[in-house]
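Enquirer: Residue strings, one per chain:
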Amino acid sequence: MESKTVKISELLDDYTDNEFCIEGETEVQNEEIKDIVLKKAKKRSKPAKKIIIAAVAATAALTAIMGAAAQRIAFTAFDGTELGYIVDEDGHEGKYIACYGQEENQVVIKENNRLYFIYDGGKTDITDLMDEKTPYIYKCHDQPADVDNTENYIIVGGTPDAYGYTCFILFDGDWAFSGKSTVLYDTHPDWEVNGMKQLQSEGRLVGLDIEQMIEF
Amino acid sequence: MTDGDIVNGLKKGKTKALEQLIDRYGKYVSSVISRILRGRNEDCRELSADVFLAIWENREKLRAENLKGYLGAAARNKAFNKLRNEREELPLEEDMIIFDDGEQPCEAVERKETALLVNRAVNDLEPITKELFLRHYYYGQSVAEAADALGLSLSAAKTRLCRGRQTLKAILLKEGYDYGEQNCENK
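Chains as they are written, first to last, in our numbering: chain A, 1 to 216; chain B, 217 to 403.
These are computed hints drawn from the structure, not numbers from a lab. Watch out, some of these pointers could steer you wrong.
What the hints assert, rightly or not - Per label pair, the in silico range of CB-to-CB distance:
#1 B:SER369 x A:ALA162: 53 to 61 Å
#2 A:GLY122 x B:GLY220: 31 to 39 Å
#3 B:ARG240 x A:GLU93: 39 to 47 Å
#4 B:LYS284 x A:ASP209: 45 to 53 Å
Stated by the list, open to error - Quick list of in silico lysine-lysine cross-link-like pairs, DSS-like style, CA-CA up to 25 Å:
#5 A:LYS40 x B:LYS228
#6 B:LYS277 x B:LYS228
#7 B:LYS385 x A:LYS7
Every residue, glycine too, gets a C-beta built ideally from N, C-alpha and C.
Given the sequences, and given the hints that come with them, work out the whole structure.
Expert: Structure, rendered in structure tokens:
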């Protein structure tokens, strides 16, 4: 006869002990746990850059969203970053950028110490195509200034230990960018700067002031 | 602030939500680990941090339902792995319930969420058996240690554990536990 075995110790993973576990019987303090966790968590993940440059002011844009009377999405970038037009309560029109689609739209994932670029359901191993200085560039538009007057490029770089990407979007005449990385960069990493220069040498990223962006 | 609010904040990558999670469940997690490791504050601190760091790194998959139970399970796993690394195997007495082919849960019984069912089944055990059961299978105490804490002889404790396993199995089957969907080993 066939039988099945369930481990009791594993079954009890579904049990929540509110009775015999006396909270506070350990000397470990929550603040000590926080110190360790937050240091490591901040090292391992960097919040998305939420910056829009040139004529669109990020602060004004975010403020406008808070008190927006009307909002219209005009463009959703490769990594889920959303750009659009907004009218605030006083009737002033402006542009906005919102980066909240990035958690669902993973651009780069790490598996078995390899880095994969994810796009349109595709998955490409890019580990050996880039490093700290060499970018991997994906052009979401074949030609500069597409029919809807937008451009979208992704620059990826780094190694499995420290990697990230920056998404560049030309939207209604202004360059905006968003991105994520697994480490905190004090400055723009070499792969990003080299990627921008390479794109400009191909006649793309027109109007983007790299020096100004690096200083930003 | 509900568990759902905290989970939503975590999914958005907010470290503030991580702090709130630790404020709410840090003591619980460290206490579960401390019980299993019998104190050892330094290890307990490190493993508690590991639990929350693992939550942070897997925050996209996190669900608000039964968050406390999930953290408890993660804490147990960290602590048990630590012990296994140190002394190879946990001395758990007959750590299994065997379901034979004919012992399917009643078809008429509505399937319940596993966590709810397991909690109810454990809570239905006789109080002293329940404490013995949890000390041994949940916190990994040896039978002798758990028996001593409860003033039982070793043989009495083993008899109670055996009865407890039978009772637990009967309750699980009666309540509609679908072992076929769980991680079972075919024998």
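Enquirer: Indicate, hint by hint, whether the structure satisfies it.
Expert: Each hint tested on the structure:
no. : hint                            : result
1   : B:SER369 x A:ALA162: 53 to 61 Å : 59 Å, holds
2   : A:GLY122 x B:GLY220: 31 to 39 Å : 34 Å, holds
3   : B:ARG240 x A:GLU93: 39 to 47 Å  : 43 Å, holds
4   : B:LYS284 x A:ASP209: 45 to 53 Å : 51 Å, holds
5   : A:LYS40 x B:LYS228              : 18 Å, holds
6   : B:LYS277 x B:LYS228             : 12 Å, holds
7   : B:LYS385 x A:LYS7               : 11 Å, holds
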